[in-house]
Amino acid sequence: MAKEKSDPVAWKNPLHRPERRSRWAELLLGLAPNEEARFGRLALALCKAQAVHVVPLQRLLQIQGGLSRDWRTIPLLPQELFKQTRLFAHEGEIPGRIFETSGTTSRDRGRHYLLDVDLYRTVSTEGARRAGVPWEAVDLHFLVPSPKEAPHSSLSAMFGFWAEKGSASSHFWIRGGLLDEEGLRCALTAAIRAGRPVGLCGTAFAFAFLLDQAGPALPLPPGSFLLETGGFKGRSRELSKPDFYHGLAAMFGISEEEIWSEYGMTELSSQAYAQGPNGVHRLPPWVRVRIIDPGTGRECPAGERGLVAWIDLANIDSVLTIQTRDEAIATSDGFRLFGRSPSLPLRGCSLTAEDLRSSHDGP
Amino acid sequence: MTALDRIDRLAPLCRLFPELGISGPGDLRRLLKVALGRLDALDRFVPYGDGWSRAIAPRRIYHVLAGTLAVSGWRSLLEGLLLGSENLLQCPAEQKSAMARFCSSLPRSLRKLARILPAYSQESFASADAVVVFGRDETIRLFQSRCRKEQLFLGYGHRASLLWLGGIRRPTMDLAKAIAQDMSAYDQSGCLSPQCLILESEGTAFALAELLARVLSADARLRSIRRPEEAARIREARTIARSLGWPLWDDGDELQWTIIVRDVAQFQPTCGHRVLYLDKVPRNGLAAWLAPLQGHLSAVGLHGTVPASVQKLFWHLGASRLCPVGRMQSPPPLWHHDGKTPLVDLIRWVDWEGSKMSNGRNPRRPQRHPPFTEER
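Protein chains in written order, with the UniProt record's numbering: chain W, 1 to 363; chain P, 1 to 376.
A hint or two may mislead.
Restricting the straight-line Cα-Cα distance to at most 20 Å, the calculated cross-link-like pairs of lysine to any residue (SDA-like) are [what the hints assert, rightly or not]: (1) Lys112/P x Pro12/P; (2) Lys48/W x Leu244/P; (3) Lys280/P x Thr85/W; (4) Lys83/W x Trp246/P; (5) Lys83/W x Arg238/P.
No wet-lab data here; the hints were simulated from the structure.
Could you build all of it, start to finish, from the sequences and the hints given here?
And the structure:
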């Protein structure tokens, strides 16, 4: 019980102090997968702490008459809200890092303000480790810009943490917005000759680009893996997942089961991972997912398709509960992802936010 | 078949589809006359300057239609038929049944001039001498890039419309009804649907929102079942408004309408589905507030006196239509869609500069056997 008392339920807003952040990280890593009560206590404590300074969360709590004892009643903040306002839980502190979503103009970008990347580093490495992604023992090749080149990319930052902590070499292959395909091919060819396994990680779009180039196959050594993320949302290029994985497996000479899918986003700190073309995205113990029926705004009955609401105890610097536009079905140990909810604005001829963004993309 | 024959055959169809806003043969005649100067210019050489000229319609038009807003596709086809062109229609799946209904209502003699394609067809596209595209800017760019140099191309991009009530002080119930009419039609998906309503006083915004809520609550027509993705966007807009402290009026879980008094630094589009934003924008800040709409503005619904400076601003932003509140969704038959005179851009003119035709007759007189072969 003494340990329970040290849970931060009574803390007002402690999470800007380094020692408290370290303690919080320990608590998260100490959670067991099915420790519901403890997860709930931590979630409610974090919500209370964040509501002190995150006014939108405060307002939603007021509207619903406060916080109950059930973490499932914590209000869900739309992902889009990160584009509208600053959600930062530490008033008076200066964010140490700002991650931005893609967008052509500053007005279009969602921003995730972090006091520090300490917890993000911890959970993004430990989460991948626990999911079974074999990133630590292989040479890593990233199809994204380096963290130095893209300081506002949360994905580059995460891969940067992997590169720091991994025991082998690593390389970022996108420079100046262009994929150095020749350099990548040379590096992979060298690894193949030496029989050194590699991890090739990047956005689905970057992998699709490689497939489109139709270059010679690069059969990777045993122990290698691929990790794709991001899907094809918002892109004109669309590929079905089975076709995509089939193409990747053929090009890199690996089994489709050695292809991992990462689910994460700028506004989140933690990730979920699925293995193979039919894999279910599994969550670390400090994350829960609720699948919300958009028709009712309530949780879907088991087995029904709805929108992913993400409850992330590692999201300590903004808000822990985020309503996404991604469709999924809940499973016993995670969720089966279908991708972004269809874009309605294409129905009529009325201008949409997407149109305004794309109109700034033109020459 | 002459243009007048086609008008006679198309007129009953216009009455069957009142959404077209064309009431009968008179409107069709006016359309042709405004575009061509005379009704017979497609059928024979007509006087032009010191000589004669004849309007040549495309033999085949390839239409790329967007979304579920059927009326824009119907109107495009109607114009093609009025010109006597063959029409190939590339419809999105959700619009196919509406287009099939329209085509099946055509008189037999015109039905053969309209064909719904199962999908994009490069062969059909290449065979057309004119292409009309409705859609997003990137869609328009894509099809334009596929056109041959000699193919006529007409693109209608996505646009935004808005309501401007300026410094109105006492909104009335009639005004609220007119606004509700504008925001409700086509589920706020059309380019003529107002995305926001601009006022200069916040106090008026609250009073107007109350009135709108009363009107919309009483409107028994607003009872459609929302698709999940529609519901998701509506709920998202409402949650964002509540979390940002924007006053909001809505119909709860019915999800038919939402009125939000918003506070944003610049224009942002609505998600549609009858989510109308009321924005307080002072006149001296209007240009900056509307700047994101540059080149995208379509119609502006107006109430009261509109200062010349405000009118000018709307023109510069691309507006092609200023109309009274309540009439935004009912453009007149001669409406300059995206600023273009109907039919004009589909027509090519051929001039005859000799004083006599090759057979020696004066071309002003009706020709039993015209000197040039009829195109169909």
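Earlier hints that do not hold, by number: Per hint list: zero violations.
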